[in-house]
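So the sequence shown is numbered by our numbering: it starts at 30 and just counts up by one.
Think of the hints as simulated: they come from the structure by calculation, not from any bench. Ideal placement from N, C-alpha and C gives every residue a C-beta, glycine not left out. Be a bit skeptical, because a hint or two may be false.
Lysine to aspartate or glutamate pairs mimicking EDC-like chemistry, simulated, CA-CA at most 16 Å apart [stated by the list, open to error]: (1) LYS121 - ASP175; (2) LYS127 - GLU202; (3) LYS165 - ASP175; (4) LYS127 - ASP38; (5) LYS59 - GLU200; (6) LYS127 - ASP42; (7) LYS127 - ASP175; (8) LYS127 - ASP41; (9) LYS59 - GLU181.
Across the chosen pairs, the derived CB separations fall in these ranges [to be verified]: (10) ASP42 - LEU155: 28 to 34 Å; (11) SER122 - ASP58: 22 to 28 Å; (12) VAL163 - LYS121: 47 to 53 Å; (13) LEU156 - PHE124: 43 to 49 Å.
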Amino acid sequence: VQQMGAIADKADDILWRRYGTENRLLQCDKTTLRKLLLIRIIGFVFMLQMVVMMVGLYYRRTVLYMTHWGAYFVFIAYLLLLIAHYYPSAHKSTFFWKLTHLLIEISFTFGFVVSAVFWTVIGPLLLTYTHEQVSKLIGRDAQWVDYVVNCEIHGMNYLFLFIDTYYNRIEFEWTHLFYFHAPAGIFYFIVLLFYTIVS
């Protein structure tokens, strides 16, 4: 137990204390806290419907796509932000605000990469596909809802987070991104490798 405490203390020093990062989940400069809460409620409702649609449409392959991971991260981040707004005791918890802060950083960068790659590389390529090719790609007859969900998960979730980040005062620590994206990338590679082997 003492060793775990020492590891946690070292991680806290590496990730937080040396940068002087503060709890700014409920702070904003360019708008009121009430308007920021409204943005977060709309973002949460939007992400909730997106996650329900993703799980319903793609439940067999939902862990394979980094896009889906990013959407789940945004959903969880918005859920935690709403908890912070409505339960001050949770907001004051060191573990809670640091976890929420990390999820926002990770979601923001995931969303940026996913949106940029999709709309500059994959999206234009998909526009050249016929309905039959798209249906073959997703493994069933493509419906209009597939196209809507595709647009949502490749940009709209990032748009909400971008608006939130524009108004809030949460400071990104770029070192966090290295510590969390490197293991996530390795884990994602292992998941894809395992999926390829078993399928």
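We went through each hint and held it up to the structure:
1. About 40 Å separates the Cα atoms of LYS121 and ASP175, which puts this hinted pair outside 16 Å; it is violated.
2. With a CA separation close to 12 Å, the supplied pair LYS127 and GLU202 stays within the 16 Å bound.
3. Proximity of LYS165 to ASP175 is assessed by CA-CA distance (about 13 Å); at most 16 Å being required, the pair is judged to hold.
4. At roughly 14 Å between alpha-carbon atoms, LYS127 and ASP38 fall within 16 Å of each other, so this suggested pair holds.
5. Between LYS59 and GLU200 the alpha-carbon distance is near 15 Å, which keeps this suggested pair within the 16 Å criterion.
6. A hinted pair counts as satisfied when its Cα atoms are at most 16 Å apart, and LYS127 with ASP42 qualifies at roughly 13 Å.
7. A threshold of 16 Å between alpha carbons decides the hint, and for LYS127 with ASP175 the separation of about 35 Å lies outside it, so the pair is violated.
8. Taking the CA atoms of LYS127 and ASP41, the gap is about 10 Å. The hint holds against a cut of 16 Å.
9. Of the pairs offered as hints, the one joining LYS59 and GLU181 is violated, with about 26 Å between alpha carbons and a cut-off of 16 Å exceeded.
10. Taking the beta carbon of each, ASP42 and LEU155 are about 46 Å apart, not inside 28 to 34 Å as hinted.
11. Checked against the hint of 22 to 28 Å, the C-beta distance between SER122 and ASP58 comes to roughly 24 Å, which is consistent with it.
12. The beta-carbon spacing between VAL163 and LYS121, approximately 48 Å, falls within the hinted interval of 47 to 53 Å.
13. A hinted range of 43 to 49 Å holds for the C-beta pair LEU156 and PHE124, which are about 45 Å apart.
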